[in-house]
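S.K.: The lines below spell out each chain.
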Amino acid sequence: MSGTSPTPEDRPVDRAADRAVDRRPAGWWAIVKGLGTVFKQAFRPDNTEQYPKEIAPPPERAHTGRHRLNRHENGLEKCIGCELCAYACPADAIWVEGEDNDPDEPVSPGERYAKDYQINYLRCIMCGLCVEACPTRALTLTSYYEMAFTSREEAIWTKEQLLEPPPPLGTDPVAREGR
Amino acid sequence: MPVDPITLTIDDKEVTVPKGTLIIRAAEQLGIEIPRFCDHPYLAPAGACRQCYVQVEGQGKLQTSCTVAVAPGMVVRTQNTSDAARQAQVANLEFLLLNHPLDCPICDRGGECPLQDQALAFGPGESRFIDAKRVFPKPVPLSPLVGLDRERCVLCARCTRFCDEISGDRFLELFARSAGERVSIAAGEDFRSPFSGNTIQICPVGALTATPYRFVARPFDLTSGDSVCQHCSAGCNVRVDVRRGEVVRVLARENPDVNDAWICDKGRFAYRHADAPGRITTPLIRDRGLEPASFGEILPWLAERCRSGRVAFLTGGRLMDEDYYALSKLARTVVGTNDLDHRRAFHGGLAEVVAAAAVTDRERSVTYRDVEHAPVILLVGLDAEQEVPILHLRIRKAAARGAKVFVVHPRRTRLHDVAEHLPTRPGHEVFVLDRIREGVDGESFEARAAAALRGAGGSGVVLVGERLAEHPLAADLALAVASKTGSRFGYVTRRANDRGALGAGVHPSLLPGGRRLGVAGERAEVEAVWGSIMASEDGRDAQEILQACADRLVDVLFVIGADPLRDHPDAALTRRALANVGTLVVQSIELGDLEPFASVFLPAAPAAEKDGHVTDWEGRSQRIRPVRDALGISRPDWEIFAGLAAAMGSDLGFETLEELHEEMASLLAPRAMPERPNVWAGAGPPQWLDDLTLFTYPLLVDEGRLSDGAEELKAALEDPAFAEMHPVDAEKRGLADGVDVRLTTAAGDATVPLRVTEHVAAGSVFVPFNQPGLAANSLLSGRSTASVTVAAVDEGSGPEAVPDAALATGPAA
Chain X
1 MSGTSPTPED
11 RPVDRAADRA
21 VDRRPAGWWA
31 IVKGLGTVFK
41 QAFRPDNTEQ
51 YPKEIAPPPE
61 RAHTGRHRLN
71 RHENGLEKCI
81 GCELCAYACP
91 ADAIWVEGED
101 NDPDEPVSPG
111 ERYAKDYQIN
121 YLRCIMCGLC
131 VEACPTRALT
141 LTSYYEMAFT
151 SREEAIWTKE
161 QLLEPPPPLG
171 TDPVAREGR
Chain W
1 MPVDPITLTI
11 DDKEVTVPKG
21 TLIIRAAEQL
31 GIEIPRFCDH
41 PYLAPAGACR
51 QCYVQVEGQG
61 KLQTSCTVAV
71 APGMVVRTQN
81 TSDAARQAQV
91 ANLEFLLLNH
101 PLDCPICDRG
111 GECPLQDQAL
121 AFGPGESRFI
131 DAKRVFPKPV
141 PLSPLVGLDR
151 ERCVLCARCT
161 RFCDEISGDR
171 FLELFARSAG
181 ERVSIAAGED
191 FRSPFSGNTI
201 QICPVGALTA
211 TPYRFVARPF
221 DLTSGDSVCQ
231 HCSAGCNVRV
241 DVRRGEVVRV
251 LARENPDVND
261 AWICDKGRFA
271 YRHADAPGRI
281 TTPLIRDRGL
291 EPASFGEILP
301 WLAERCRSGR
311 VAFLTGGRLM
321 DEDYYALSKL
331 ARTVVGTNDL
341 DHRRAFHGGL
351 AEVVAAAAVT
361 DRERSVTYRD
371 VEHAPVILLV
381 GLDAEQEVPI
391 LHLRIRKAAA
401 RGAKVFVVHP
411 RRTRLHDVAE
421 HLPTRPGHEV
431 FVLDRIREGV
441 DGESFEARAA
451 AALRGAGGSG
461 VVLVGERLAE
471 HPLAADLALA
481 VASKTGSRFG
491 YVTRRANDRG
501 ALGAGVHPSL
511 LPGGRRLGVA
521 GERAEVEAVW
531 GSIMASEDGR
541 DAQEILQACA
551 DRLVDVLFVI
561 GADPLRDHPD
571 AALTRRALAN
581 VGTLVVQSIE
591 LGDLEPFASV
601 FLPAAPAAEK
611 DGHVTDWEGR
621 SQRIRPVRDA
631 LGISRPDWEI
641 FAGLAAAMGS
651 DLGFETLEEL
661 HEEMASLLAP
671 RAMPERPNVW
681 AGAGPPQWLD
691 DLTLFTYPLL
701 VDEGRLSDGA
711 EELKAALEDP
721 AFAEMHPVDA
731 EKRGLADGVD
741 VRLTTAAGDA
751 TVPLRVTEHV
761 AAGSVFVPFN
771 QPGLAANSLL
781 SGRSTASVTV
791 AAVDEGSGPE
801 AVPDAALATG
811 PAA
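In the order they appear, the protein sequences are chains X and W. According to the working numbering, the residues represented by the first sequence are 1 to 179, in order. According to the working numbering, the residues represented by the second sequence are 1 to 813, in order.
Treat the hints as calculated values from the structure; they're not laboratory data. Keep in mind that the hints are not guaranteed to be accurate.
Unchecked claim - So the derived list for chain X, only partly shown, Cβ under 7 Å to chain W, looks like this:
id: 1; residue: Ile80
id: 2; residue: Cys82
id: 3; residue: Glu83
id: 4; residue: Tyr87
id: 5; residue: Gly98
id: 6; residue: Arg112
id: 7; residue: Glu164
The model shown is predicted, which means the values in this text are computed figures rather than measured ones. Every residue gets a Cβ at the ideal spot worked out from N, C-alpha and C, and that includes glycine.
Hey, can you work out the whole structure from these sequences and the hints?
M.R.: Laid out in structure tokens, this is it:
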């Protein structure tokens with residue numbers, strides 16, 4: 001059939017193109033050129049970040065760290081406990097339990113709030129689908145990445161923890177221990 | 001019904017359907033989906049939502065396909081082939097969404113919402129509406145079970161039509177007109193219908209929501225299993241939703257042969273018992289207190305006691321067919337006793353008659369469809385709404401089709417608006433039945449019932465409740481009425497699998513398949529499969545077993561899936577029996593009130609965790625599958641029986657469910673009914689006694705174990721204990737409505753508020769069986785009726801003291 005692409009055997013051989021790709025120098029010149037690269041790199045200023053002794057600020061728009069649950073300006077939680085983040089999560093890392101808001105002392109605007117909200121960072125793959133699913137912008141990713149833990153329980157972050165803004169980098173006690 | 005085929009064309013495809021079919025149904029047969037909200041296959045057409053517009057060629061205007069019946073040669077174009085229909089549907093969805101709030105993320109319907117789904121499939125992408133939306137306070141509680149959010153309502157009138165057409169409990173109505181139109185309930189009224197939950201399930205938006213399920217889960221974190229409801233013998237098909245191992249919701253599953261698309265509120269909302277705090281999932285043994293142990297420890301210990309002692313078995317009504325069969329075989333062939341019973345305590349011949357006849361004789365037994373199509377229905381001794389609610393809906397459906405319904409019952413039932421009702425003093429049903437059998441002439445109730453049944457041409461139905469079994473002759477008489485008028489005869493048990501227990505022979509004198517122990521030929525049929533049956537004498541029934549326990553004639557009593565302290569109609573005897581029996585083995589999901597008496601607890605799995613069959617009142621055996629794994633090391637009951645048999649050095653002959661089914665099938669296959677002589681020799685005149693007869697039966701929502709944890713259900717539908725008395729009797733004793741009265745029977749006494757009402761027969765006093773404040777079995781001596789005296793309570797005792805006093809005096813008396 002004319003529509004199918006030709007197999008490698010059928011394809012006409014383009015010797016000129018092959019030669020054009022193969023720009024390897026021959027013989028002793030190749031050794032000189034290769035070593036040249038080595039010496040050029042060896043004397044360049046090095047780019048190693050001295051983490052954790054020195055902590056570089058993350059790029060401004062890097063949202064690849066811990067989640068954060070946000071609040072409205074009036075202090076109410078933006079999270080309404082709708083569980084859409086949990087539904088979107090491909091790693092089943094999020095657990096939400098909804099509850100009726102007390103109309104006199106609401107936790108969030110509207111009828112429902114999240115009584116419980118947990119993210120298991122042993123499961124989380126930082127894909128950000130939960131953030132995309134969130135209808136109220138309650139859940140966002142921060143650039144805080146110091147999340148070492150020493151037990152499975154510690155890996156599960158509770159709602160209270162997630163509501164707190166992340167601390168400055170370099171203050172995490174577990175991460176500091178390794179310093 | 002003659003099928004009158006009509007051929008029409010929908011979207012250029014031809015389809016042939018019976019006359020009277022609606023266009024929307026005909027389209028369904030072709031696989032063409034027309035969006036709809038108000039249309040429901042079990043409700044009458046309304047044309048309220050205007051969503052299902054189609055174009056019918058030759059008609060100028062678009063037609064709503066849910067209200068127009070097909071006609072020969074009709075050419076219908078749906079949204080697939082007609083731009084006009086498609087545009088109308090898009091426009092209508094935009095209209096419906098004008099006032100619909102965008103709170104889908106928190107709406108309990110979100111994710112399984114017909115409006116959401118159809119807006120996505122057929123609606124416009126965006127709304128052009130920029131003004132403020134209509135705002136109502138939300139949610140308004142219609143009852144402790146149902147909440148109404150009027151902002152979300154699309155005025156499809158499904159809920160109001162359900163109340164009008166199906167349940168007859170006309171609480172919901174459309175109020176006001178135009179933009180202010182809304183579903184509501186009369187001011188101050190409560191949506192107090194035992195079928196209210198169905199309106200939630202059929203609501204096509206999240207306007208009606210279930211309070212117990214409010215914000216508990218979203219549809220996408222549920223795993224669902226198909227099951228059969230365990231609350232009564234109706235056999236309703238349900239879907240059980242589980243969220244991470246916890247049952248959070250029960251929905252009706254459509255089955256036109258059983259429950260149509262409905263279930264009662266008890267089935268829908270009483271689902272927490274299996275997760276109740278009292279649930280025990282390991283065996284316990286009272287060596288050093290009730291200590292956890294393993295099956296491997298307990299079963300040999302128990303086998304030793306069963307081998308050397310006298311053993312009896314009492315079961316409840318909610319085990320599987322397989323469990324009952326295994327128990328029947330264990331008792332007869334391994335333990336060697338016929339002292340086993342599943343009934344509460346009813347004496348008399350009815351169970352035997354029914355076992356021999358209705359259980360096995362499929363030709364004469366009654367099904368839901370027979371009820372639905374019967375021109376005449378006679379109910380005796382049965383309060384269908386309270387005892388088997390889905391049967392009640394079927395009877396209403398039959399009545400709506402024109403059936404004549406006759407009810408003989410001591411208390412007015414909820415069929416009063418569609419039935420002729422004869423309030424009959426309990427025990428006097430036999431005289432009524434006898435007159436119907438004789439076919440007396442005249443204008444009396446009996447004469448009309450007899451004439452109607454005879455005129456029904458063989459499709460009349462006689463339904464008998466299990467309380468009638470207490471009269472030794474009532475059963476034969478009811479059967480005689482049925483056979484003389486050529487009607488079908490149905491025996492309506494109350495508990496979920498009473499029929500399965502009867503069929504499997506958990507009965508002192510009956511073997512599987514209704515075969516009688518005392519009849520050599522029938523016994524030989526069973527022995528051919530089982531090997532020899534060790535004891536040949538009829539055993540003791542429930543009351544006699546408890547009496548024997550009280551007299552220390554029983555060493556080991558098994559109480560399996562039952563709570564005789566609450567259920568057995570003789571509380572004092574039960575307490576004595578439990579205290580005096582040597583070893584009490586409780587096999588259940590919890591210990592409850594039996595804790596002080598139990599020597600051993602064996603953890604059984606509840607229905608949600610079991611695989612097996614349940615037989616409803618019709619005799620229909622339905623398979624249920626586990627919706628989750630059994631908790632802890634709890635096991636299906638039949639496995640425990642098989643384990644006990646093995647520990648006793650015997651073998652029940654089956655190790656898997658398949659082997660068990662194979663063996664059961666051979667013994668439970670339908671067989672012809674043995675002829676029974678009619679022993680009824682005619683009744684004398686009814687004796688009108690001066691004293692009052694107390695009668696009792698459990699109401700739908702009560703303190704039964706399976707309702708544990710269903711607080712919202714109880715708040716909505718449960719009354720505290722009361723007594724009902726006819727005005728004539730009340731006047732004679734100088735009692736007024738609302739006063740506290742003291743009821744005194746041979747067994748005990750109790751104080752409850754009195755309701756004076758014409759809804760009970762003169763000469764009788766009704767007390768519900770197990771409401772908060774009074775366990776009526778403390779007033780009974782083995783039967784559901786008792787002779788009672790009623791007197792006003794002295795002014796001195798305060799109302800607060802009443803429930804406590806009633807509870808305290810009950811068991812001790």
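S.K.: Okay, which hints does this one fail, numbers in order?
M.R.: 7
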